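Spelled out, the chains give:
2 protein chains.
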Amino acid sequence: MNIASIIPDRIVELGKAFRASKALFSAVELGVFTALAKGPRNLEMLRADVGIAERGARDFFDSLVALKLLERDAAGYYKNCPEAAVYLDREQPTYIGGELENFSRHGYPHWQFLTEALKTGRPQNAASAGNVFLNLYSDPSTLETFTEGMTSGARLIAPTIVAKFPWHRYRTVIDIGTSQGALPVEVARAHTHITGGGFDLPPVRPRFESYVKKQGLSQRLKFHAGDFLRDSLPSADVLILGRVLHNWNVAIKTTLLKKAREALPPGGALIVYERMIDDERRSSAPGLLASLNMLILTEGGFDYTVADLIGWMQETGFHDLHVERLTSELSMVFGSK
Amino acid sequence: MNIASIIPDRIVELGKAFRASKALFSAVELGVFTALAKGPRNLEMLRADVGIAERGARDFFDSLVALKLLERDAAGYYKNCPEAAVYLDREQPTYIGGELENFSRHGYPHWQFLTEALKTGRPQNAASAGNVFLNLYSDPSTLETFTEGMTSGARLIAPTIVAKFPWHRYRTVIDIGTSQGALPVEVARAHTHITGGGFDLPPVRPRFESYVKKQGLSQRLKFHAGDFLRDSLPSADVLILGRVLHNWNVAIKTTLLKKAREALPPGGALIVYERMIDDERRSSAPGLLASLNMLILTEGGFDYTVADLIGWMQETGFHDLHVERLTSELSMVFGSK
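Protein sequence lines correspond, in order, to chains V and W. The first sequence runs 149 to 485 under the working numbering. The second sequence runs 149 to 485 under the working numbering.
Please note: incorrect hints may appear among the correct ones.
Subject to a maximum C-alpha distance of 30 Å in a straight line, what follows is the list of computed DSS-like cross-link-like pairs (lysine-lysine) [to be verified]: (1) W:K312 - V:K216; (2) V:K216 - V:K227; (3) W:K186 - V:K216; (4) W:K267 - V:K186.
Label-pair ranges, simulated between beta-carbon atoms [what the hints assert, rightly or not]: (5) W:K186 - V:T402: 53 to 59 Å; (6) V:A201 - W:R158: 51 to 57 Å; (7) W:S431 - V:A201: 21 to 27 Å; (8) V:V398 - W:P288: 41 to 47 Å.
Some chain V residues judged to face chain W by a derived CB distance under 7 Å, without partners named [stated by the list, open to error]: (9) A168; (10) D237; (11) P351; (12) G465.
Because the hints were derived from the structure by calculation, they are not lab data. These numbers were taken from a predicted model, which means no experiment stands behind them. Glycine included, C-beta positions come from ideal geometry on N, C-alpha and C.
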């Protein structure tokens, strides 16, 4: 092996990737993309719009250019790149900045303690004891950031779930762990015969109801309050467990699948979607790192492969299982009772 | 513009890049690559070697496979990828993990406060008042991590500085802000007529002297203690200012260039090397983010372009300026008095 031909660029790049994440988070938090949606701005205009000091402003905006989130023309005017215009402007229904703000406030600081989490096998999150979500939701600002983050996440996968599941065969849907209800909203909007709603912990109700009302769907989509660790699940033709199972250990994962099966009518369907690890556990860095996120934040959660999920669903008594890719990272598996 | 064709993958990837950085940092801190340098290990063997709990171990090691830092064979044995074997095994002279540990302990936690730094224009680093390095070096563990980080950084650029500067024309070199002296060590090793040493703050002396002694160069390379904010610089045919100027505001940058010129004999040379921003400030994300790192960590530091540096060096009276690229991120500029 010729050592001189082995260059460290990939390691160096990986080692500094956290800075790029943080520059994106700060741009979202400061509303850079929302400001630029109103029109191109030069350095001083943009700096005034987002309220930052002179010292770091030019480096910050030019970093966003180099990260290809902004463009800068010859006259020095900044504008959003196409992806930023669609996904990072707060005024767009396609906004996914909520998830990024969630990463910034919650994920990034907790990941400081990855080494400690690995050594101990224990979460490094004060909120993780008992029902982590009840703890998180006791703080209104965390409730807001977290549910908006979940909405951002749901928006990314909703188009494919809306298109690739045979909704014409069913009349009702309830999304378990629904947060603001972004997914049932998209389903109901596209499939006008569908009614139903979402199930989540009681503190989430006002967040769900105001979101669904703003979408004009309050008549068709209702909130069901409960704690799936204690209560049975509400009944509907289709139940959805999306980005839920990975939060829990294998005993709770399979209990939730059983509760879903019990709540479904004969012929009803369960959709599970998640950031899946590839079956070989060799290529899906996002899925494997999401599982380490569960190590850091929860008592027993972990992410899993499509094969793992199919195994658990078959053991629980689901059949006719289908797998569909939703994004480069997420997949859904659905099956019938 | 067809919105459906604009996918958010690049944004999502950037938003989670911090997790990949942290997985690399933990692997370095835990000695994963150093353990695997002794031979392939399966999950249980590697887990025992690096001392981590069962819960996250498999996800962690498989994340490193997905990030292409490790390889895993069909029998489940992990080994280092070629870059990791060269650059992340503590026992190799090419080890650059010191810089990554530095990022993990110092850079990553401080970057939490990027938004605040941007709003205020103020560093978010308790050590930044006065001479940030004197403050940092008052803690022995920080002194150790920081100087080892600097050694990692110097190792990456030393081969090109050793090869591309006309060392045959000069007899002595002093590296200003030398840390452990890694750069003069490489120069002296390759060019046996060269003597000199390094200049840094007094607390660095034992770190320099033990490193240089280990390399068998104590006779040719000496430590010069001082504070370049107060003192004049020691004299040598060649002075080096590497990754120094970016820590300071423009007034101190130009003062340091003047002090270097005063300390050089007629015909002497100054080498400045740094992570440079491209002159158009459009493509160098690492350089621009390094400048934001200075915003977060220092009172007035910022990174700059090759054109900026050439301007300052010409104003100070340096001529015959040459530019050489050192790595994908760093360049050197050298000129004569």
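Now for the hints, and whether the structure bears them out:
no.	hint	result
1	W:K312 - V:K216	violated, 33 Å
2	V:K216 - V:K227	holds, 11 Å
3	W:K186 - V:K216	violated, 41 Å
4	W:K267 - V:K186	holds, 21 Å
5	W:K186 - V:T402: 53 to 59 Å	violated, 40 Å
6	V:A201 - W:R158: 51 to 57 Å	violated, 29 Å
7	W:S431 - V:A201: 21 to 27 Å	holds, 25 Å
8	V:V398 - W:P288: 41 to 47 Å	holds, 45 Å
9	A168	holds, 6 Å
10	D237	violated, 12 Å
11	P351	violated, 26 Å
12	G465	violated, 28 Å
Consistency with the previously given hints fails for numbers 1, 3, 5, 6, 10, 11, 12, ordered from lowest to highest.
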